[in-house]
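Chemist: The chain contents come next:
Number of protein chains: 2
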Amino acid sequence: MTVLTDTLSANNAAYASSFTKGHLALPPAKKYLVLTCMDARIDPAAALGIDLGDAHVIRNAGASAVDGLRSVIISEQLLGTNEILLIKHTGCGMLTFTNDDAHALVQKNLEADSTGIDFLTFSNLNQAVENDVKFLKDSKFVPESVNISGWIYEVETGKIVNVVPA
Amino acid sequence: MTVLTDTLSANNAAYASSFTKGHLALPPAKKYLVLTCMDARIDPAAALGIDLGDAHVIRNAGASAVDGLRSVIISEQLLGTNEILLIKHTGCGMLTFTNDDAHALVQKNLEADSTGIDFLTFSNLNQAVENDVKFLKDSKFVPESVNISGWIYEVETGKIVNVVPA
Numbered sequence: 001m002t003v004l005t006d007t008l009s010a011n012n013a014a015y016a017s018s019f020t021k022g023h024l025a026l027p028p029a030k031k032y033l034v035l036t037c038m039d040a041r042i043d044p045a046a047a048l049g050i051d052l053g054d055a056h057v058i059r060n061a062g063a064s065a066v067d068g069l070r071s072v073i074i075s076e077q078l079l080g081t082n083e084i085l086l087i088k089h090t091g092c093g094m095l096t097f098t099n100d101d102a103h104a105l106v107q108k109n110l111e112a113d114s115t116g117i118d119f120l121t122f123s124n125l126n127q128a129v130e131n132d133v134k135f136l137k138d139s140k141f142v143p144e145s146v147n148i149s150g151w152i153y154e155v156e157t158g159k160i161v162n163v164v165p166a
Numbered sequence: 001m002t003v004l005t006d007t008l009s010a011n012n013a014a015y016a017s018s019f020t021k022g023h024l025a026l027p028p029a030k031k032y033l034v035l036t037c038m039d040a041r042i043d044p045a046a047a048l049g050i051d052l053g054d055a056h057v058i059r060n061a062g063a064s065a066v067d068g069l070r071s072v073i074i075s076e077q078l079l080g081t082n083e084i085l086l087i088k089h090t091g092c093g094m095l096t097f098t099n100d101d102a103h104a105l106v107q108k109n110l111e112a113d114s115t116g117i118d119f120l121t122f123s124n125l126n127q128a129v130e131n132d133v134k135f136l137k138d139s140k141f142v143p144e145s146v147n148i149s150g151w152i153y154e155v156e157t158g159k160i161v162n163v164v165p166a
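Same order as they appear, the protein sequences are chains L and E. Note that my numbering has the first sequence beginning at 1, numbered continuously upward. Note that my numbering has the second sequence beginning at 1, numbered continuously upward.
Quick caveat, the hints were computed from the structure, so don't treat them as lab data. Be aware that one or more of the hints could be misleading.
Each pair may be met inside one copy or between any two copies, as identical chains are not told apart.
[Claimed, not checked] Pairs of lysine to aspartate or glutamate, DMTMM-like flavour, derived with a Cα cap of 25 Å: (1) Lys159 / Asp54; (2) Lys159 / Glu144; (3) Lys31 / Glu130; (4) Lys21 / Glu144; (5) Lys31 / Glu144; (6) Lys137 / Glu111; (7) Lys30 / Glu156; (8) Lys137 / Asp118; (9) Lys140 / Asp118; (10) Lys30 / Asp6; (11) Lys159 / Asp6; (12) Lys108 / Asp51.
One chain only, chain L, in its complex shape:
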């Protein structure tokens, strides 16, 4: 174990000692999913008031719908969700480098060729939200009955701002 895992294990023991939600069902009770970024400054449950058991939460670098598609399909086809909130955010790391930058950095640091990986960076935040919502709406794997909206979370204020209406 490390100092970190010791600390997190102790935190978890405190959480488990007062845990009362062991009875929840597998499918999300409120049938929605949130697809957002892995960014450390986002706590989706707190920021949106998601109760335990209510919603799937998919997170990856940049809140990429392309990257999240496998999970989205499982969520709506296997586990019954019918509403998707796609939430990117201000100050996203994906705005700060390009795909080529990442490939070059990996080559320099690790002497490894990552050119087969699309890091899915973007240069315009609002446009990226619109593009990803469109990607999901156009996907043959997402039925029209699934309601999809696009949002930006402001890491400076804690607020969400709607970009593509539900």
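Start from chain L and add chain E according to the hints.
Modeler: Below, chain E alone, put in the same frame as chain L:
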């Protein structure tokens, strides 16, 4: 807007009204990342005591390291994380169907061919944790200096159990 987005927007307005963490830096303060499942019964921040700004959180169906690799590389190469906790969980949906089941369901429901997508299901939970930790440790894109551990979160108790030590 929908009933759901109205509710979540109201929840978020309450969150933002007392928000005091607008100054946090982009890189995770405690330089670690948690890779876990999108399951609705998991609240990683609460269950592990992750403070806002401390850690990246990657979530996808089944806590797949294969699916999460792009985000992992960005986290450790671009944003300085050096410790990974991979956390799968009891009662995971990915234990309840096979890749073929998912392809057949998508064909039946959506008349769409998803056989090009590997849904990354698994049949043995402990083995899946071990496999995914090994996948990351063996990856040429994850340097040996990154500490990786494997865990199972029990949705029945709220506890995490160590499977692969850090």
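Chemist: Against this structure, judge whether each hint is valid.
Modeler: Here is how each hint holds up against the structure:
no. : hint            : verdict
1   : Lys159 / Asp54  : both (21 Å within a copy, 19 Å between copies)
2   : Lys159 / Glu144 : neither (28 Å within a copy, 38 Å between copies)
3   : Lys31 / Glu130  : within (23 Å within a copy, 31 Å between copies)
4   : Lys21 / Glu144  : neither (33 Å within a copy, 38 Å between copies)
5   : Lys31 / Glu144  : within (15 Å within a copy, 40 Å between copies)
6   : Lys137 / Glu111 : between (39 Å within a copy, 16 Å between copies)
7   : Lys30 / Glu156  : between (29 Å within a copy, 20 Å between copies)
8   : Lys137 / Asp118 : both (21 Å within a copy, 21 Å between copies)
9   : Lys140 / Asp118 : both (22 Å within a copy, 16 Å between copies)
10  : Lys30 / Asp6    : between (34 Å within a copy, 14 Å between copies)
11  : Lys159 / Asp6   : between (33 Å within a copy, 14 Å between copies)
12  : Lys108 / Asp51  : neither (43 Å within a copy, 32 Å between copies)
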